[in-house]
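Just need the whole structure built from these sequences, with the hints factored in.
One line per chain: the protein sequences are Z and S, in this order. Note that the working numbering has the first sequence beginning at 1, numbered continuously upward. Note that the working numbering has the second sequence beginning at 1, numbered continuously upward.
Heads up, a few of these hints could be off.
Stated by the list, open to error - Derived pair list, reagent style DSS-like, types lysine-lysine, alpha-carbon separation capped at 27 Å:
| # | chain 1 | residue 1 | chain 2 | residue 2 |
| --- | --- | --- | --- | --- |
| 1 | S | K258 | S | K338 |
| 2 | Z | K55 | S | K46 |
| 3 | S | K422 | S | K46 |
| 4 | Z | K49 | S | K258 |
| 5 | Z | K92 | Z | K55 |
| 6 | S | K46 | S | K423 |
| 7 | Z | K55 | S | K266 |
| 8 | S | K46 | S | K418 |
| 9 | S | K418 | S | K338 |
| 10 | S | K338 | S | K422 |
| 11 | Z | K92 | Z | K49 |
| 12 | S | K258 | Z | K92 |
| 13 | S | K46 | S | K419 |
| 14 | Z | K92 | S | K402 |
I should point out that these hints are in silico values taken from the structure, not numbers from a laboratory. Because the structure is a prediction, the values reported are computed rather than measured.
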Amino acid sequence: MVFEYVDNVADAGIRASGETLNEAFCEAARAMFNLMIDLDLVEPRRAVKISVYAKTVDLLLVEWLSRLLTEKDLTGLVFSQFSAQIEQRGEKIVLTGVARGEAFDALRHEAKTEVKGVTYAGLRVWQENGRFIAQCVVDV
Amino acid sequence: MAEELELERISEAEWLLPRSGAMRVPARVIADEETIAQLRQDTAEKREWNALRQLRDVACLPGIVGEALALPDVHPGYGFPIGGVAAFDATDGVIVVGGVGFDINCGVRLLATPLDRAALESRVDDVAKDLYNTVPAGIGPEGNLRLPLSEIDSLLQQGASYIIERGYGLAEDIEFIEENGRIDGADPGTVSAVAKQRQFRQVGTLGAGNHYLEVQEVEQILDREAAEAYGLSEGQIVISIHTGSRALGHQIGQDYLKVMEEASRKYNIPVSERELVCAPITSPEGARYLSAIACGANCAFANRQVITHLIRSVLHRVFGMSPSSVRTVYDIGHNNAKFEQHTIAGEVRRLLVHRKGSTRAFGPGCAESPAAYRDVGHPTLVGGTMGTASYVMRGTELGMTKTFGSGIHGAGRALSRKKAAKKYWGEDVQSDLANHGIILRAHSTRGIAEEAPGAYKDVEQVVEAATRSGIGRPVARLVPIIVIKG
Numbered sequence: 001m002v003f004e005y006v007d008n009v010a011d012a013g014i015r016a017s018g019e020t021l022n023e024a025f026c027e028a029a030r031a032m033f034n035l036m037i038d039l040d041l042v043e044p045r046r047a048v049k050i051s052v053y054a055k056t057v058d059l060l061l062v063e064w065l066s067r068l069l070t071e072k073d074l075t076g077l078v079f080s081q082f083s084a085q086i087e088q089r090g091e092k093i094v095l096t097g098v099a100r101g102e103a104f105d106a107l108r109h110e111a112k113t114e115v116k117g118v119t120y121a122g123l124r125v126w127q128e129n130g131r132f133i134a135q136c137v138v139d140v
Numbered sequence: 001m002a003e004e005l006e007l008e009r010i011s012e013a014e015w016l017l018p019r020s021g022a023m024r025v026p027a028r029v030i031a032d033e034e035t036i037a038q039l040r041q042d043t044a045e046k047r048e049w050n051a052l053r054q055l056r057d058v059a060c061l062p063g064i065v066g067e068a069l070a071l072p073d074v075h076p077g078y079g080f081p082i083g084g085v086a087a088f089d090a091t092d093g094v095i096v097v098g099g100v101g102f103d104i105n106c107g108v109r110l111l112a113t114p115l116d117r118a119a120l121e122s123r124v125d126d127v128a129k130d131l132y133n134t135v136p137a138g139i140g141p142e143g144n145l146r147l148p149l150s151e152i153d154s155l156l157q158q159g160a161s162y163i164i165e166r167g168y169g170l171a172e173d174i175e176f177i178e179e180n181g182r183i184d185g186a187d188p189g190t191v192s193a194v195a196k197q198r199q200f201r202q203v204g205t206l207g208a209g210n211h212y213l214e215v216q217e218v219e220q221i222l223d224r225e226a227a228e229a230y231g232l233s234e235g236q237i238v239i240s241i242h243t244g245s246r247a248l249g250h251q252i253g254q255d256y257l258k259v260m261e262e263a264s265r266k267y268n269i270p271v272s273e274r275e276l277v278c279a280p281i282t283s284p285e286g287a288r289y290l291s292a293i294a295c296g297a298n299c300a301f302a303n304r305q306v307i308t309h310l311i312r313s314v315l316h317r318v319f320g321m322s323p324s325s326v327r328t329v330y331d332i333g334h335n336n337a338k339f340e341q342h343t344i345a346g347e348v349r350r351l352l353v354h355r356k357g358s359t360r361a362f363g364p365g366c367a368e369s370p371a372a373y374r375d376v377g378h379p380t381l382v383g384g385t386m387g388t389a390s391y392v393m394r395g396t397e398l399g400m401t402k403t404f405g406s407g408i409h410g411a412g413r414a415l416s417r418k419k420a421a422k423k424y425w426g427e428d429v430q431s432d433l434a435n436h437g438i439i440l441r442a443h444s445t446r447g448i449a450e451e452a453p454g455a456y457k458d459v460e461q462v463v464e465a466a467t468r469s470g471i472g473r474p475v476a477r478l479v480p481i482i483v484i485k486g
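Structure below.
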């Protein structure tokens with residue numbers, strides 16, 4: 001597991017890392033869904049394509065995670081596996097990705113808490129010792 | 001930088017952070033010594049999440065009036081401290097995302113029943129089971145009421161009254177909801193289609209996290225005059241509903257976070273914390289956000305109205321009780337920004353009052369209170385933990401001048417969810433509550449651990465600090481009998 005939770009009294013701080021920026025973003029998504037359900041219990045039966053963009057890489061993290069929350073509610077799915085491809089296109093940084101999961105089942109997926117939104121608090125994406133780290137606080 | 005956050009004690013339960021640096025106004029913390037010690041420790045240890053620093057940053061925002069305030073349930077939020085109050089001039093001030101949050105108009109409704117403990121005890125398991133099965137809760141719940149998008153628009157404009165017209169409640173409920181369950185200026189055109197689509201399945205759902213339903217006993221009356229006005233008596237069974245605007249509010253928050261980020265740059269408003277991004281109240285962006293907030297608030301009022309209806313249906317099934325015998329005592333939000341008139345230095349001013357994890361608490365004589373409550377002020381509802389107690393309080397004249405008529409909203413978290421989940425085990429918490437005669441039905445055992453009573457401050461101390469400072473007075477102490485968690 002390459003994500004952890006940073007102590008934040010009222011909400012939840014997520015810090016995810018990866019060898020690439022793409023991987024760090026996928027781990028951040030896993031960290032967020034792990035707050036809601038047990039990731040190991042979610043089968044990747046269905047896939048949803050995601051495309052988001054932002055002007056900066058940290059704002060892109062908020063776009064990516066908040067779009068996943070929206071897709072959860074619109075589709076009734078919860079996700080456990082993610083792929084992401086991040087690239088610069090002109091002034092925009094674009095992420096195209098796929099979230100895989102299945103229809104939410106409160107009992108089978110061992111529901112935990114609900115994530116309401118992705119905040120700008122503690123929002124940071126950086127490189128350290130050759131790894132990419134993505135951090136933000138989600139409102140729970 | 002620590003010296004900039006030096007608190008000066010000014011009374012038994014109040015500390016002042018004098019104006020310095022970029023602060024436009026001083027800040028005041030109303031709290032007990034333990035809370036102040038925690039704030040000082042967070043500052044000394046340079047903790048990233050520091051409610052005092054957040055309060056100072058709020059005091060730097062344009063158009064802030066009077067003082068930036070933290071109430072006794074203060075703890076770090078994002079941008080704004082939770083338990084925070086800040087009022088901005090309606091002309092020169094700003095609307096701040098962090099001062100409202102994602103769960104717009106999250107709040108509590110209190111229902112009074114004609115039952116006493118003995119009557120409830122005779123069917124307590126049936127009530128617990130039926131409430132658990134009837135009120136959708138947890139992650140991804142689906143409400144029974146599916147409103148097409150056109151009707152969602154009506155709900156956003158009209159709030160609780162729209163839902164009542166649809167048959168989910170009683171006309172008399174309206175008078176006992178803050179703002180009569182409908183905030184004016186709610187234009188559904190300011191809310192994205194995605195936000196409305198997300199709400200489609202979630203009307204009348206409780207949610208998860210700290211949201212709950214509690215069947216409680218009025219254990220003690222502490223203010224006879226106010227209790228009589230509110231129709232509360234010792235031994236009476238009451239029900240508290242704690243929930244908000246669900247996915248619609250969450251999406252509005254997310255959508256406008258981006259809009260406000262751009263607006264802060266456009267209008268050149270320096271913000272020291274990104275969650276304090278904001279727009280001038282009078283700007284087009286600010287006006288649209290305020291309209292969307294009104295929509296979110298109306299959605300929350302409507303949501304608590306639907307749940308009220310579901311609770312009435314349970315009590316009818318179990319006890320044959322008529323809906324009108326289950327009375328709405330009051331419904332009040334604790335995450336909002338609303339226009340209000342306040343007297344500042346003898347001058348009546350129109351202010352936008354942000355309350356993040358704090359409630360309106362208008363004292364005696366305010367026209368905004370229901371007629372029956374006007375002499376004592378409207379109730380404020382203070383959620384405790386599932387193992388301790390909740391309080392009904394009331395506002396005071398002093399609170400009107402000191403805190404823009406604001407009061408505490410709950411015990412306030414003391415431990416992070418991560419620490420709570422490590423320290424407590426859901427099943428243990430459940431059996432511990434059972435040993436104290438409290439039935440807990442929850443949709444998540446991990447959620448129970450995160451919400452364990454020990455994860456919160458002592459509600460008694462928080463109420464005591466609010467009382468000692470004179471901003472509120474306790475009216476009734478409520479103890480839980482049945483707790484339904486998401």
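Going through the hints against the structure:
With a CA separation close to 21 Å, the supplied pair K258/S and K338/S stays within the 27 Å bound. Using a Cα cut-off of 27 Å, the hinted pair K55/Z and K46/S is violated, with the two alpha carbons roughly 30 Å apart. A distance of roughly 24 Å separates the Cα atoms of K422/S and K46/S; the hinted pair therefore holds under the 27 Å criterion. Between the alpha carbons of K49/Z and K258/S the distance comes to roughly 22 Å, so the proposed pair stays at or under 27 Å and holds.
Note on K92/Z and K55/Z: the hinted pairing holds, with a Cα-Cα distance of about 5 Å set against a maximum of 27 Å. Proximity of K46/S to K423/S is assessed by CA-CA distance (about 24 Å); at most 27 Å being required, the pair is judged to hold. Between the alpha carbons of K55/Z and K266/S the distance comes to roughly 15 Å, so the proposed pair stays at or under 27 Å and holds. Under the criterion of a C-alpha separation no larger than 27 Å, the hint pairing K46/S with K418/S is consistent with the structure, at around 20 Å.
For the given pair, K418/S sits about 33 Å from K338/S by alpha-carbon distance, which is inconsistent with the 27 Å threshold. Distance check on the hinted pair: K338/S and K422/S sit about 38 Å apart at the alpha-carbon level, beyond 27 Å; violated. Distance check on the hinted pair: K92/Z and K49/Z sit about 19 Å apart at the alpha-carbon level, within 27 Å; holds. For the proposed pair K258/S and K92/Z, the alpha carbon gap of about 15 Å is at most 27 Å, so the pair holds.
Of the supplied pair hints, the one linking K46/S and K419/S holds, its CA atoms being roughly 19 Å apart against a limit of 27 Å. Note on K92/Z and K402/S: the hinted pairing is violated, with a Cα-Cα distance of about 47 Å set against a maximum of 27 Å.
Of the hints listed earlier, those the structure fails to meet are numbers 2, 9, 10 and 14, in rising order.
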